[in-house]
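Spelled out, the chains give:
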Amino acid sequence: MLDYTLRRLGGVLATLVLLSMFTFVLSRAIPGGPWDVGVEIPRTPEQIAMFKEKYGLDKPIWQQYLVWLRNAVTLDFGSPYMAPEMSVTQLILRQLPYSALVGGLAAALAITVGVILGMIAAARQNTWADIVINSAAVVVGTIPGFVLGFVLIYFFAAKLRWFPSGGWSDTGYKTLVLPVTAFGVPATGGVARWTRQCMVEAMSSDYVRTAYAKGVRQAGVMSRHVLRNALIPMITSFLPMFPAMMTGSVFIEHTFGIPGLGQWFVSSSFSRDYPMVLGITIFWAVLIALTYFVTDILYGVIDPRVRLTEKEG
Amino acid sequence: MTSLTGHLGAPVVEERVRHAGFWAGAWRRYRRNLLAMYGLVFVVFILIVGIFAPWLAPYSYNKVNLDHALEPPSAAYPLGTDQLGRDMLSRIMYAARPMLLVGFVTQIFAQLIGVPMGIIAGYAGGALDWIVTRLIDFFSALPWYLVVLYLVMVLRPSLENLILALTITSWVGPCRVVRGLTLSVREQDYVDAAQALGIPTRLILKNHIFPQAAPLLLWSFAVGIPTSVFAEAGLSFLGMGVRPPNPSWGMMLGEAGQWWIYRPHMFIFPGLMITLSVLAFQGLADGLRTAIDVNVNI
Amino acid sequence: MSRITRRRLLQSAGAAAATAALAACQPVVVEKAVEKVVKETVVVKEAVEVEKEVTRVVQAAAPTGPTNALGVTLPADALPLDQQYRLIAVGRPGEQAGGSYGHEMESLYNRAYPLGYGSEVLTQLDIERNPQGVACESWSIAEDGLAWDFKLRKELKFADGKPITAHDWVWTFRRSFEKGYDFGWFFYDILNAQQVLAGELPPEELGMEAMDDFTLRIKTKEFVPYIPSLGVWAFVAPPQAYEQYGENWAVNPQQYIASGPWTLKEFERGVKWTFDLNPEYKGVNRPYYTQLRARTLPTGLPAYIAGDIQQHSIGIDTPAGEVAIVNANPILRSESHPQPSLVTWYIGFNTTGKFKPLDDINVRMALSRAIDKEKIIGEVGRGFAYPAWGLVPNGFPGNSHEMLKGREPNQFDPQAAKELLAKAGFPNGQGFPKFELWIRNPQPYMVTLCEAVQAAWKEHLNIDVDLYPTDHQSFTARTFRERDIPIYFVGYSMDFYDPATFMSVFRSGGRHPHDDPAYDEAFNTGNSTRDPRRRLELLSEAEAILVDHVGYIFLIQPFSVALWPCNLAGEGIRPNSAGFQSDTAYGGGANPWVGAYWSDSDCRKRL
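Protein chains in written order, with our numbering: chain A, 1089 to 1401; chain B, 40 to 337; chain C, 10 to 616.
Read the hints as simulated data drawn from the structure, not as lab findings. Hints may be right or wrong, so weigh each one.
As the list claims (entries may be wrong) - As a list, the in silico DSBU-like pairs of lysine-lysine whose alpha-carbon atoms are at most 30 Å apart:
| # | chain 1 | residue 1 | chain 2 | residue 2 |
| --- | --- | --- | --- | --- |
| 1 | A | K1247 | C | K163 |
| 2 | B | K102 | C | K427 |
| 3 | B | K102 | C | K432 |
| 4 | C | K384 | C | K443 |
| 5 | A | K1147 | C | K281 |
| 6 | C | K363 | C | K281 |
| 7 | B | K102 | C | K291 |
| 8 | C | K365 | B | K102 |
| 9 | C | K281 | A | K1142 |
| 10 | C | K467 | B | K102 |
| 11 | C | K228 | C | K188 |
| 12 | A | K1262 | C | K274 |
| 13 | C | K274 | C | K166 |
| 14 | C | K384 | B | K102 |
| 15 | C | K274 | C | K365 |
| 16 | C | K363 | C | K427 |
| 17 | C | K163 | C | K228 |
| 18 | C | K281 | A | K1262 |
| 19 | C | K384 | C | K274 |
| 20 | C | K188 | A | K1140 |
| 21 | C | K363 | C | K291 |
| 22 | C | K291 | C | K160 |
| 23 | C | K163 | C | K188 |
| 24 | C | K163 | B | K102 |
| 25 | A | K1247 | C | K432 |
| 26 | C | K291 | C | K365 |
| 27 | C | K614 | A | K1262 |
| 28 | C | K281 | C | K291 |
| 29 | C | K427 | A | K1142 |
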């Protein structure tokens, strides 16, 4: 186990280095640069030269990368051009809690409700319950965000005044209800359908028929045998939903006014904010690698026969 | 894709015996599944519409007619018009093409790349698994907007580049699913026994491992097609994807954002098409799977 | 008269006044009669002189509201001081405001918050859009028109007590230009500004001088009448802050040294910031508000109706259903205030010769005349835009909207366009290259607009163009700097209330890949004319040249309707002579939020 973990860790580090090199080169290869952000009149060559000198962008690219790498090893990722008074790490850690709260709750909602619905649909396969849940799941997943957002805010905030329409300050936990709903509901559909599919697959296995033949009731079969085996593909898809939703969504954050991390993913690329792009990419890579690692470990927990090492025999 | 019964000799024998009536039986089973039939009909319908759109569509997809902008459905325009007076029905028909082309091809590539890698990684373990896991981590972490910006600004935006961009993100999903399933299946007794018998690895993969994973993949392939439509719509505002005035359902849905209260038909129809397509492909996949799996008792 | 009778009289008067107050549910200033009871000691002359306590009822002075930290007394109907705050959306990175720099003269396009809160501005515009002195009390112009002397107010001080002098102004500008101020091009009318910005001359050569402690002299190369208007974007910075704290003092509440009516109370990038009143402020901009509060805010009409945001604007890109909601609701209608158009969006051509045949004026004229602007803008604009016949927007000072309507490129005539194209060598569009049309960071209506133009060119001229929406940085780099994009769609909005704000950007050697010496000549001559009327005439002629040479096809001048809650009151938001009201700054520059306050009114109750 320890051996495997260490090998995995080494692998992740190798990926990070490769990823950072790739991102470094790619970001410089795109036309335009951080000096032209938002300007109406393009900067003069002298202004650009001044900018480059200030941020070390006039050195050859391999030199820039080595400087960055040396700092990155000590977890110093520099300062974003868009926020020079703090470091990249500080900025990410500061914005993270907001989107993590909203995204985490939304993911939890989606997975809880979705799995339950999916199980019902699988148990009642090809009956009306199944068709209704399936169709509803598809429709819910297709509703455009602007419709859902508008409807939620209009009815629950403007008309009924049950919840504030968003923002983040002094209004407490009620603020979370609408954004979490808008974020989580569309995802629920996908979760429900995938759950149903995984369960249906698991249900058609031989040992399931054997269990029925032995006289085990459906509830018992479903929970003990079917669910167990359906879990592997299920967690493969569901676990990454957490980091994906916890790092925020630009649309949700914009509509509901949440000071989250989502906007930075988009804007740092467009603003050519090189330190921020690198920092956020590394951050996301670590998160996702961790998630995949946990998934692999969980395979072993769910199905004790699974071994993550060489095939023996 | 025969299912395994646990006795090694049996599948081979059963295959030969059933061969004559297999496809007929499969079709019989398929026909009974309502959703699957709907799926088949709809997919064929979409294919015809997409291929023959220039002949079937009543108007051109980019005929701007400002006098008739934003009209609700009527006799002249059965599905209404959009903000430039273009006929919605024609645009929806033409938009079937990018969906079929981009969505389909992207999913094919994603599965062709992802599935073999996932099986090999799951089965062999060790160094091969390590490499594939590295690739999965790498491609999952790519800064997406940067990549798209590069494809648009430096390489020229084209259909090939669009498919490339979408495939880059799509192959990881099937790969991981297959890998997980493989890890679980390879420890089954019959696999052990097959190995003990000296059956070559590739046959084990083909006959034992792959059939366990395939049904789920078939489903995710089918359903992934409309997902690509949404992804493509998201790209189009960056200059990637289908560029105006060429229509795509996802893009039409996005454009409808400005008018949806006033003229809901502008977002209902593209949305409906996407919903119906998802259900159709899903039913198709479901039906195929059930039909071919001889173990399912219908 | 006995006291009892007088008291009863006053009591009934009070009751009548109270009833009147209840009956009026309009946001009118309510005079509540206040009975004030005063105890006095009175000597009553009787057989024996005795001191008696007598209560008299005294009519109190006209009631007023509370007084804020700057000594401004709010009117009687104002809400309490802790509710007199302005809610502002924290800027997002990449947008204007939400960026890195705390002081306006460090960066305009990358600034941390909107302008003019904590820094004193040289001048600002009144509601008639005329400049008035803020940091200065008057200005005078030299005989030859090449030097302006601004007399600064002597009582102004930084928040740490140090007086604000002309030396500080000069220091601010020199430092700003030395560091490559991204808005520096705006001040190119100042002598040597361009050279100093480019590093060709040292900062000391910049045409700004402190004649004495309180006289600031600005020198120009040629006469331009709008120098005081440029002062709307000029802010003073405290040199001692840089010396003491370094570069980032302006985003740190502990280090912030204010010179304006507001000072920084808290700052968390991307999450919130707050400005409170600066009690050390000695200047003339004194708001009723007590706090500027920036948080992340929800967006959209529903949030505005819910009262979670304090302003909303509807324009071309507003969903049509929302416009209908506003129109159908009498309260929302009463809260709607149309704003003038301050921006023109246009198609431009790269006429440098790189993209034949775009350098042929016949081709460009054909492309222009194939577009039915009235119809297309009428449809796409949905009542929120004018078709653009020229550069300067309709309604803007010095505009020639009506006159330019009759110019040749604005005459929609598909037949004439076809003939022009044939004359240029491309009959029925044959052989015409397929060009790309780059659109800068478009809102949805701009893509629709370009699609309409694309369709028009296809239908009337059989020409194909490829639409290419792109992000801001890529567009600027490729279209304006590298100049290798053939056709583009972009806009320009005004910075000060003079036609030169638009026209100067279109001179040769500016951002556009189109040179026009005839226009340069006409504009420069007109711009330096001393007589204001003659000047506007000459500028109008120059604009006609610009239109006739079809380096650009001016398309659309959108405007918006601003909404703010009906309980906003104050003389600052009254309509000006053109009928426009605004709850924010007048046309760019500083917005100290003077002259408006929140009144205690239930006018929104039935919303």
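Hint check:
Proximity of A:K1247 to C:K163 is assessed by CA-CA distance (about 53 Å); at most 30 Å being required, the pair is judged violated. A hinted pair counts as satisfied when its Cα atoms are at most 30 Å apart, and B:K102 with C:K427 qualifies at roughly 19 Å. Restraint check for B:K102 and C:K432: the C-alpha separation of about 27 Å stays at or below 30 Å, so the hint holds. A threshold of 30 Å between alpha carbons decides the hint, and for C:K384 with C:K443 the separation of about 25 Å falls inside it, so the pair holds.
Annotation: proposed proximity of A:K1147 to C:K281 is violated, straight-line Cα distance about 36 Å (limit 30 Å). Of the pairs offered as hints, the one joining C:K363 and C:K281 is violated, with about 48 Å between alpha carbons and a cut-off of 30 Å exceeded. Between B:K102 and C:K291, the direct Cα distance comes to roughly 64 Å. Violation of the 30 Å bound is thereby established for this hinted pair. Distance hint between C:K365 and B:K102 is fulfilled; the C-alpha atoms sit about 28 Å from each other, no more than 30 Å.
This hinted pair checks out: C:K281 and A:K1142 have alpha carbons roughly 28 Å apart, not beyond 30 Å. For the hint linking C:K467 to B:K102, the alpha-carbon distance of about 10 Å falls within 30 Å, and the restraint holds. At roughly 21 Å between alpha-carbon atoms, C:K228 and C:K188 fall within 30 Å of each other, so this suggested pair holds. For the suggested pair A:K1262 and C:K274, the alpha carbons sit about 27 Å apart, so the restraint of at most 30 Å is met.
Annotation: proposed proximity of C:K274 to C:K166 holds, straight-line Cα distance about 19 Å (limit 30 Å). Taking the CA atoms of C:K384 and B:K102, the gap is near 16 Å; set against the 30 Å cutoff, the hint holds. Using a Cα cut-off of 30 Å, the hinted pair C:K274 and C:K365 is violated, with the two alpha carbons roughly 58 Å apart. Proposed proximity of C:K363 and C:K427 is supported: the alpha carbons are some 24 Å apart, at most 30 Å.
For the hint pairing C:K163 with C:K228, the CA-to-CA distance comes to about 22 Å; that is within 30 Å, so the pair holds. For the suggested pair C:K281 and A:K1262, the alpha carbons sit about 19 Å apart, so the restraint of at most 30 Å is met. Among the hinted pairs, C:K384 with C:K274 is inconsistent with the structure: their alpha-carbon atoms are about 51 Å apart, more than 30 Å. With a C-alpha separation of about 12 Å, the suggested pair C:K188 and A:K1140 falls inside the 30 Å cut-off, and the hint holds.
Pair hint C:K363 plus C:K291 does not hold up; C-alpha atoms about 57 Å apart against a cutoff of 30 Å. The hinted pair formed by C:K291 and C:K160 meets the criterion: a straight-line CA distance of about 16 Å does not exceed 30 Å. As the CA atoms of C:K163 and C:K188 are separated by approximately 29 Å, the hinted pair is consistent with the 30 Å bound. Restraint check for C:K163 and B:K102: the C-alpha separation of about 67 Å exceeds 30 Å, so the hint is violated.
Simply put, A:K1247 and C:K432 have alpha-carbon atoms about 62 Å apart, too far for the 30 Å limit, and the pair is violated. At roughly 61 Å between alpha-carbon atoms, C:K291 and C:K365 are farther apart than 30 Å, so this suggested pair is violated. Between the alpha carbons of C:K614 and A:K1262 the distance comes to roughly 22 Å, so the proposed pair stays at or under 30 Å and holds. Taken as a hint, the C:K281 and C:K291 pair is honoured in the structure, with Cα atoms around 27 Å apart against an allowance of 30 Å.
Only pairs whose Cα atoms come within 30 Å are accepted, and C:K427 paired with A:K1142 is rejected, the gap being roughly 54 Å.
Consistency note: the structure conflicts with the earlier hints numbered 1, 5, 6, 7, 15, 19, 21, 24, 25, 26 and 29.
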